[in-house]
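Colleague: Next come the chains, spelled out residue by residue.
There are 2 protein chains.
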Amino acid sequence: MNNYYAHSLPANSKLTQKSVNRCFNGEQHYYSHQSTTTKTPMTFSVYLPDEALAGRRCPAIMYLSGLTCNADNVTHKAHFQQRCSELGIIFIAPDSSPRSDTDIDVPNDERYFVGQGASYYIDATCAPWAENFNMQSYIADELYDLLRAELAISSIGIMGHSMGGHGALLLGFKFPSKFVSVSALSPVCAASESAWGQAAYTEYFGDDKALWQQSDAAHTIETVGRQYLNILVDQGAADQFLADGQLQTPKLQQACKKAQQPLTLRYQAGHDHSYYFIQTVINDHIEHHWRMAQLS
Amino acid sequence: MNNYYAHSLPANSKLTQKSVNRCFNGEQHYYSHQSTTTKTPMTFSVYLPDEALAGRRCPAIMYLSGLTCNADNVTHKAHFQQRCSELGIIFIAPDSSPRSDTDIDVPNDERYFVGQGASYYIDATCAPWAENFNMQSYIADELYDLLRAELAISSIGIMGHSMGGHGALLLGFKFPSKFVSVSALSPVCAASESAWGQAAYTEYFGDDKALWQQSDAAHTIETVGRQYLNILVDQGAADQFLADGQLQTPKLQQACKKAQQPLTLRYQAGHDHSYYFIQTVINDHIEHHWRMAQLS
Numbered sequence: 045m046n047n048y049y050a051h052s053l054p055a056n057s058k059l060t061q062k063s064v065n066r067c068f069n070g071e072q073h074y075y076s077h078q079s080t081t082t083k084t085p086m087t088f089s090v091y092l093p094d095e096a097l098a099g100r101r102c103p104a105i106m107y108l109s110g111l112t113c114n115a116d117n118v119t120h121k122a123h124f125q126q127r128c129s130e131l132g133i134i135f136i137a138p139d140s141s142p143r144s145d146t147d148i149d150v151p152n153d154e155r156y157f158v159g160q161g162a163s164y165y166i167d168a169t170c171a172p173w174a175e176n177f178n179m180q181s182y183i184a185d186e187l188y189d190l191l192r193a194e195l196a197i198s199s200i201g202i203m204g205h206s207m208g209g210h211g212a213l214l215l216g217f218k219f220p221s222k223f224v225s226v227s228a229l230s231p232v233c234a235a236s237e238s239a240w241g242q243a244a245y246t247e248y249f250g251d252d253k254a255l256w257q258q259s260d261a262a263h264t265i266e267t268v269g270r271q272y273l274n275i276l277v278d279q280g281a282a283d284q285f286l287a288d289g290q291l292q293t294p295k296l297q298q299a300c301k302k303a304q305q306p307l308t309l310r311y312q313a314g315h316d317h318s319y320y321f322i323q324t325v326i327n328d329h330i331e332h333h334w335r336m337a338q339l340s
Numbered sequence: 045m046n047n048y049y050a051h052s053l054p055a056n057s058k059l060t061q062k063s064v065n066r067c068f069n070g071e072q073h074y075y076s077h078q079s080t081t082t083k084t085p086m087t088f089s090v091y092l093p094d095e096a097l098a099g100r101r102c103p104a105i106m107y108l109s110g111l112t113c114n115a116d117n118v119t120h121k122a123h124f125q126q127r128c129s130e131l132g133i134i135f136i137a138p139d140s141s142p143r144s145d146t147d148i149d150v151p152n153d154e155r156y157f158v159g160q161g162a163s164y165y166i167d168a169t170c171a172p173w174a175e176n177f178n179m180q181s182y183i184a185d186e187l188y189d190l191l192r193a194e195l196a197i198s199s200i201g202i203m204g205h206s207m208g209g210h211g212a213l214l215l216g217f218k219f220p221s222k223f224v225s226v227s228a229l230s231p232v233c234a235a236s237e238s239a240w241g242q243a244a245y246t247e248y249f250g251d252d253k254a255l256w257q258q259s260d261a262a263h264t265i266e267t268v269g270r271q272y273l274n275i276l277v278d279q280g281a282a283d284q285f286l287a288d289g290q291l292q293t294p295k296l297q298q299a300c301k302k303a304q305q306p307l308t309l310r311y312q313a314g315h316d317h318s319y320y321f322i323q324t325v326i327n328d329h330i331e332h333h334w335r336m337a338q339l340s
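These protein sequence lines are chains A and B, in that order.
Just so you know, we're using the numbering used here here: the first sequence kicks off at 45 and counts up by one.
Just so you know, we're using the numbering used here here: the second sequence kicks off at 45 and counts up by one.
Next up, chain A with everything else stripped away, as it sits in the complex (with noise of 0.2 Å):
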C-alpha cells in the first residue's frame, strides 16, 4: 500500500484499512468495521483529498449507492475523485445493505429490488429483516459518528443514485441536523408509489402503511417542510425506470411544491439511468455540496 501522506487513524480506530490508492492529489481508501447496528462487517470507500490527509478538516459527501451497488460501483465507475480532489472534498461511499459472508448469514430475498443491495436504508421492522436491515441508523448514527470522530471531516452532505437518491432524499430530511445539502441522481422519489418500493416496503415493514409513508422521500419532504436552501436532482429523460412509474419524479415535484422546498430538478436529454449518466452530471452535484457547506 502506497501510504504517500502520513494519514493515521486513531490509535483505539474501529475500522480496518483495506486498501489505498493514489489518485489525483489524495487517496483513494477503503475500510471495513463491525457495526453493531447491521450486526454484520461492513465495508465503504473514502476518499481522501490530501488536505484531509494532512489533518485539516474538509467538507465530505455521504454518497447512497442504488439497488444491487456496493462501494465499488460509484468508486470505479462514477468518477468522482478529480473534482474531489480540486475542491478538498472527502467523498464517501457505504455499502447499500448488510450483506452475508463467510461468519453470517444474512436474509436475502431472489429478486434484486428486495433483500441484500436493496435495503432502501430504512429500519426494518418486520421478521426475518429486522435484525440487520437497519441502514437508516447505520449511515445517519453509527456511520455518520464513526466518521466525524475518525476523519477530518468539517461537515457532511448526502447525495444518491436511484434507490441511494430516495435514501439522500429520506435521511436528509429525517435529519436536516446533520446533513448540511442534499442531492440526488435518478431517485426513486415515492417508494411508496413504485413496485420495487412496495415489494421492499411490504417484506421490512409489513402491511403498516404509516410505516410506508414515513420512508417515502416525497411523502417526507412534505411533512416535514423546506430544510435546505436548495436542493438539486438530476433525471435522465430518456431513463426507462422513468418511464416505467419506478421513479415518480413529479411526485418530488409536488412534496418540494407544497413545502416551499426550493428545487432544482434538471432532466437531461438522452441520457439513461446508468453510470454513464452519473459521470456526466457528478461534478455539478459536488459543487452543489461544496457551496452548501461553504454557507454553512
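These are computed hints drawn from the structure, not numbers from a lab.
Mixed in with the good hints there might be a few duds.
No copy labels: a pair is met if it fits in one copy or bridges any two.
What the hints assert, rightly or not - Straight-line Cα separation of at most 20 Å, SDA-like style, residue types lysine to any residue; simulated pairs: (1) Lys62 x Leu191; (2) Lys295 x Ala239; (3) Lys121 x Gln323; (4) Lys121 x Ser63; (5) Lys121 x Val64; (6) Lys58 x Gly314; (7) Lys121 x Asn69; (8) Lys121 x Cys170; (9) Lys218 x Val150; (10) Lys302 x Leu97; (11) Lys62 x Gly314; (12) Lys121 x Asn327; (13) Lys121 x Ser199.
Please arrange chain B on chain A, whose structure you already have, making use of the hints.
Modeller: For chain B alone, coordinates are given in the frame of chain A:
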C-alpha cells in the same frame, strides 16, 4: 437503446452494435464483429462525441489495454469520456486478445501474462498461438481499416497502459504512417527483457530472439529512429511492477535518446499501476493526442 443522435453505420457495415449509452455530449458505443485476422469475434468500445455522431470527422485515439483487461476496464474506469466530449475526440478501446466463446476454442495459458488477455499486440509465429494471436495485424490493419471505413475519423493516435503501453509504442513506431501520435501509461518498455514478456515471447515466437527484438518497443524505437514530434509517457513512481523490473522504463529513455526521439517521461509521486493512476493522468494524454492531431 437511446440513439440520441442519428448516428448510422454504412448499409453494408461489418459491425454489430451491442449497446449505446449517452455520456456527456456524446455516446458510449460497444460493437462486435467477426475478425478475419484473429478468426474470432472481437468486441470493442467506441466513444463518439456529438460532432462525430453528426457526421463530422474527428481525431481518434486507439487505446490498447493491459494484461487481463478487455474493453470494459478502461471504458468503465479510466474516465476518458469527459475530455473526449469537450475536445471532440473519438476513443476506441479494443480487447487485449482474441478469446474463447461458445463457438470457438482459442489457446490459453494458466499464467495471466500469457494467452488470452495477454496478446502483447504482436503476430505470433508458433503453434498453437499463430492461428489466432495476430493482434498486431488486427489493430494496425483490420480494425484500423474498418474504423476508418465506418466511422467519421480524421486521424488516429495510439496509446495504451502497461502491456498496452508496450503495444502503443511498438505499433506507433512500426507503423508511423498510420498513427499521428503516440503516448503510454506505465508501459512495458522492453518486453524481451521483462519476466512477463519473456514468458509470453517464448510461447509466441519460440527461441527466435530476432523476433523477440522486433517486438520489443525500446529496440524498435532505437532501430527506426525519430518518428514523432514528441511522445508522452506517465509512470507511477510507487508502481510495484516498476520496482519488480517488468516495465524497464530507463530502457525507453535510452532508446529515445539514441533515436533522437523527443520523450516527455513523467514519474508521478505516490502513484501505482491501477486505474486510479490512469484516470489521474489520462486527460493530459487525450490533450497530447488532440494537439498532435491539430498539427497533422
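Colleague: Now, for every hint given, state plainly whether the structure supports it.
Modeller: Evaluation of the provided hints:
In the homo-oligomer, the alpha carbons of lysine 62 and leucine 191 lie at most 20 Å apart inside one protomer (16 Å), although the nearest pairing across protomers, at 42 Å, exceeds that limit. Only within a single protomer do lysine 295 and alanine 239 lie at most 20 Å apart by alpha-carbon distance; the minimum there is 15 Å, versus 60 Å between protomers. Both within a single protomer and between protomers do lysine 121 and glutamine 323 lie at most 20 Å apart by alpha-carbon distance, with minima of 7 Å and 11 Å respectively. In the homo-oligomer, the alpha carbons of lysine 121 and serine 63 lie at most 20 Å apart both inside one protomer (17 Å) and across protomers (17 Å), since each shortest distance falls under that limit.
Taking identical chains as interchangeable, the C-alpha atoms of lysine 121 and valine 64 lie at most 20 Å apart whether they share a chain (17 Å) or sit on different chains (17 Å). Neither within a single protomer nor between protomers do lysine 58 and glycine 314 lie at most 20 Å apart by alpha-carbon distance, with minima of 44 Å and 26 Å respectively. Proximity of lysine 121 to asparagine 69 under the C-alpha cut-off of 20 Å is found in both arrangements, the shortest distances being 18 Å within a copy and 18 Å between copies. In this assembly of identical chains, lysine 121 and cysteine 170 lie within 20 Å of each other by CA distance neither inside one copy nor across copies; the values are 34 Å within and 39 Å between.
Taking the shortest Cα distances, lysine 218 and valine 150 never come within 20 Å of each other, neither inside one copy (27 Å) nor across copies (56 Å). Taking the shortest Cα distances, lysine 302 and leucine 97 never come within 20 Å of each other, neither inside one copy (43 Å) nor across copies (42 Å). Taking the shortest Cα distances, lysine 62 and glycine 314 sit within 20 Å of each other only across copies (18 Å), while inside one copy they are farther apart (38 Å). In the homo-oligomer, the alpha carbons of lysine 121 and asparagine 327 lie at most 20 Å apart both inside one protomer (13 Å) and across protomers (16 Å), since each shortest distance falls under that limit.
Taking the shortest Cα distances, lysine 121 and serine 199 never come within 20 Å of each other, neither inside one copy (25 Å) nor across copies (28 Å).
Checked against the numbered hints listed earlier, the structure breaks hints 6, 8, 9, 10, 13; every other hint is satisfied.
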